[in-house]
Amino acid sequence: GQQLNQSPQSMFIQEGEDVSMNCTSSSIFNTWLWYKQDPGEGPVLLIALYKAGELTSNGRLTAQFGITRKDSFLNISASIPSDVGIYFCAGLPHQAGTALIFGKGTTLSVSS
Amino acid sequence: DVKVTQSSRYLVKRTGEKVFLECVQDMDHENMFWYRQDPGLGLRLIYFSYDVKMKEKGDIPEGYSVSREKKERFSLILESASTNQTSMYLCASSLTGDPYEQYFGPGTRLTVT
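If you read the protein sequences in the order shown, they are chains A and B. Take this note's numbering: the final residue in the first sequence is number 112, and no numbers are missing along the way. Take this note's numbering: the final residue in the second sequence is number 113, and no numbers are missing along the way.
In short, the hints are calculated from the structure, not lab data. Note that the structure is predicted; figures quoted are calculated from it, not measured. Hints are not guaranteed to be accurate.
The calculated lysine to any residue pairs, modelled on SDA-like cross-linking and capped at a C-alpha distance of 20 Å, are [as the list claims (entries may be wrong)]:
#1 Lys-53/B x Ala-99/A
#2 Lys-104/A x Ser-87/B
#3 Lys-104/A x Glu-15/A
#4 Lys-104/A x Leu-45/B
#5 Lys-57/B x Ile-67/A
#6 Lys-57/B x Ala-99/A
#7 Lys-104/A x Lys-53/B
#8 Lys-18/B x Tyr-64/B
#9 Lys-104/A x Arg-44/B
#10 Lys-3/B x Glu-41/A
#11 Lys-13/B x Tyr-64/B
#12 Lys-71/B x Glu-30/B
#13 Lys-57/B x Gln-95/A
#14 Lys-3/B x Asp-38/A
#15 Lys-104/A x Ile-60/B
#16 Lys-104/A x Arg-109/B
#17 Lys-3/B x Ile-47/A
#18 Lys-104/A x Thr-86/B
#19 Lys-3/B x Ala-48/A
#20 Lys-3/B x Val-44/A
#21 Lys-104/A x Lys-3/B
#22 Lys-71/B x Ala-99/A
#23 Lys-104/A x Asp-38/B
#24 Lys-13/B x Lys-51/A
#25 Lys-3/B x Lys-18/B
#26 Lys-55/B x Ala-99/A
#27 Lys-70/A x Lys-53/B
#28 Lys-70/A x Asn-22/A
#29 Lys-104/A x Glu-101/B
#30 Lys-104/A x Asp-59/B
#31 Lys-70/A x Gly-40/A
#32 Lys-51/A x Asp-38/B
#33 Lys-51/A x Ile-67/A
#34 Lys-3/B x Leu-45/A
Just so you have them, the derived chain B footprint on chain A, three or more residues with Cβ under 8 Å [stated by the list, open to error]:
#35 36-48
#36 80-94
#37 99-112
Don't be surprised by glycine CBs; every beta carbon is placed ideally from N, CA and C.
Okay, chain B solo, but in the shape it has when bound (with noise of 0.2 Å):
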């Protein structure tokens, strides 16, 4: 079974700290894809990464920088941390090519406070 584990299920922060989502794969995958899910507006692709140290773009990348150092790990980080991003964060990885599936971590819930 694939297995993407998230480092934390629920975290709390202040207002402009630095703050760190680890997300680590264990299949092998190429692509990695960081989402955050907010009520009415769905999963919304922040960062992907196809390759180590490779990063692109999402929809809604503001805020946030990404690192991949190794294949299995996928790390986002908010440089300094605000209310509006108080979140479900969803990380997800996929093998390049056919097929295309995606499979998710069990989220990480963070409240900026």
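Isolated chain A, as found in the complex (with noise of 0.2 Å):
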């Protein structure tokens, strides 16, 4: 079946420096959707992408719908502490119904 490569796997970082994930495929997607999960809860939407180049923003978090509709970053300014968790990027593929594909996540680590 298709799937997302996703990476990095994991990132340590100190707190205040920037943080890149991308999301990549072999096909094209038409919908391209970041989450975020804390441990031991549920994923929650940040972003959400629907058009190829679109910019989207959300506070210090900007993602990207890639201009070959196969791909999508995530960048996060300024990292803090409660940036900890996994992040998650999930696309909807060309001529595909209304499952979702999930990456397998980027487990982000944030030191004071």
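Take each chain as given, in its own frame, and dock them per the hints.
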């Protein structure tokens, strides 16, 4: 089946640093979503992207829908300890129904 | 705000027991989903439903069944629980069509001993 390759798998950073992560696929996607999951909780939607080239911000988070429609990027600026968690990308493949495809997640650790 | 609730946060069951996991959403969403989450494997889709009494198999339906008798409620059933079904189970819901944003419940951590 279709897969999303999310990288990096984990990151260990200092408070105040900027963070970048991405998801790539060999297939075209119509929608890209970014979620954050705190330990022991369900994922929470951070940003949704619906058009190729779209750049959307949510506070210190910025995500982009790649112009090839095969990738997406999430940046976090000036990280703080509460940014710790697992970040998932999810995409809706072109010519697909309702089921999203999820990346395996990027685990972010922030030291103060 | 969209609210998706799951009946239990933590559950401990014995091998061979029948287990019911309940999920309720309050936003009149047509679609509901069940995932399991395991370290290193990410989120894997078990079943989803796009309407009352309708269901579709996901990537790993073996050992599970589902029930959707009402629009707001989607149940996951483990007919005979096994230790390899120990996992975090997540329910989600979404509207049909654009946007395709899925909203998740808090999860149920199931341990089968």
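Outcome of the hint check:
1. For a cut-off of 20 Å, the pair hint linking Lys-53/B to Ala-99/A stands: about 18 Å separates their Cα positions.
2. For the hint linking Lys-104/A to Ser-87/B, the alpha-carbon distance of about 16 Å falls within 20 Å, and the restraint holds.
3. Annotation: proposed proximity of Lys-104/A to Glu-15/A is violated, straight-line Cα distance about 24 Å (limit 20 Å).
4. With a CA separation close to 13 Å, the supplied pair Lys-104/A and Leu-45/B stays within the 20 Å bound.
5. At most 20 Å may separate the alpha-carbon atoms for a hinted pair to count; Lys-57/B and Ile-67/A exceed this at roughly 32 Å.
6. Taking the CA atoms of Lys-57/B and Ala-99/A, the gap is near 11 Å; set against the 20 Å cutoff, the hint holds.
7. For the proposed pair Lys-104/A and Lys-53/B, the alpha carbon gap of about 31 Å is over 20 Å, so the pair is violated.
8. Pair hint Lys-18/B plus Tyr-64/B holds up; C-alpha atoms about 10 Å apart against a cutoff of 20 Å.
9. About 10 Å separates the Cα atoms of Lys-104/A and Arg-44/B, which keeps this hinted pair within 20 Å; it holds.
10. Simply put, Lys-3/B and Glu-41/A have alpha-carbon atoms about 14 Å apart, close enough for the 20 Å limit, and the pair holds.
11. Our distance criterion of 20 Å between C-alpha atoms is met by Lys-13/B and Tyr-64/B, whose separation comes to about 15 Å.
12. At most 20 Å may separate the alpha-carbon atoms for a hinted pair to count; Lys-71/B and Glu-30/B meet this at roughly 7 Å.
13. For a cut-off of 20 Å, the pair hint linking Lys-57/B to Gln-95/A stands: about 18 Å separates their Cα positions.
14. Among the hinted pairs, Lys-3/B with Asp-38/A is consistent with the structure: their alpha-carbon atoms are about 17 Å apart, no more than 20 Å.
15. Of the supplied pair hints, the one linking Lys-104/A and Ile-60/B holds, its CA atoms being roughly 16 Å apart against a limit of 20 Å.
16. For the given pair, Lys-104/A sits about 19 Å from Arg-109/B by alpha-carbon distance, which is consistent with the 20 Å threshold.
17. Restraint check for Lys-3/B and Ile-47/A: satisfied, since their Cα atoms lie roughly 18 Å apart, inside the 20 Å limit.
18. Distance hint between Lys-104/A and Thr-86/B is fulfilled; the C-alpha atoms sit about 19 Å from each other, no more than 20 Å.
19. Of the supplied pair hints, the one linking Lys-3/B and Ala-48/A holds, its CA atoms being roughly 18 Å apart against a limit of 20 Å.
20. Annotation: proposed proximity of Lys-3/B to Val-44/A holds, straight-line Cα distance about 11 Å (limit 20 Å).
21. Proximity of Lys-104/A to Lys-3/B is assessed by CA-CA distance (about 24 Å); at most 20 Å being required, the pair is judged violated.
22. In summary, the hint linking Lys-71/B to Ala-99/A is supported, as the alpha carbons are separated by about 18 Å, within the 20 Å threshold.
23. As the CA atoms of Lys-104/A and Asp-38/B are separated by approximately 10 Å, the hinted pair is consistent with the 20 Å bound.
24. Under the criterion of a C-alpha separation no larger than 20 Å, the hint pairing Lys-13/B with Lys-51/A is inconsistent with the structure, at around 45 Å.
25. Restraint check for Lys-3/B and Lys-18/B: not satisfied, since their Cα atoms lie roughly 27 Å apart, outside the 20 Å limit.
26. About 12 Å separates the Cα atoms of Lys-55/B and Ala-99/A, which keeps this hinted pair within 20 Å; it holds.
27. Restraint check for Lys-70/A and Lys-53/B: the C-alpha separation of about 35 Å exceeds 20 Å, so the hint is violated.
28. For the given pair, Lys-70/A sits about 11 Å from Asn-22/A by alpha-carbon distance, which is consistent with the 20 Å threshold.
29. For the hint linking Lys-104/A to Glu-101/B, the alpha-carbon distance of about 18 Å falls within 20 Å, and the restraint holds.
30. Taking the CA atoms of Lys-104/A and Asp-59/B, the gap is about 15 Å. The hint holds against a cut of 20 Å.
31. Using a Cα cut-off of 20 Å, the hinted pair Lys-70/A and Gly-40/A is violated, with the two alpha carbons roughly 31 Å apart.
32. Using a Cα cut-off of 20 Å, the hinted pair Lys-51/A and Asp-38/B is violated, with the two alpha carbons roughly 31 Å apart.
33. Between the alpha carbons of Lys-51/A and Ile-67/A the distance comes to roughly 9 Å, so the proposed pair stays at or under 20 Å and holds.
34. Note on Lys-3/B and Leu-45/A: the hinted pairing holds, with a Cα-Cα distance of about 13 Å set against a maximum of 20 Å.
35. Given as covered by chain B, the segment 36-48 of chain A passes the check, having 7 residues with a CB less than 8 Å from a CB of that chain where 3 are the minimum.
36. For the segment 80-94 of chain A, the stated coverage by chain B is satisfied: 3 residues place a CB nearer than 8 Å to a CB of that chain, which reaches the threshold of 3.
37. Given as covered by chain B, the segment 99-112 of chain A passes the check, having 6 residues with a CB less than 8 Å from a CB of that chain where 3 are the minimum.
The structure fails hints 3, 5, 7, 21, 24, 25, 27, 31, 32 (numbered hints given earlier, in ascending order).
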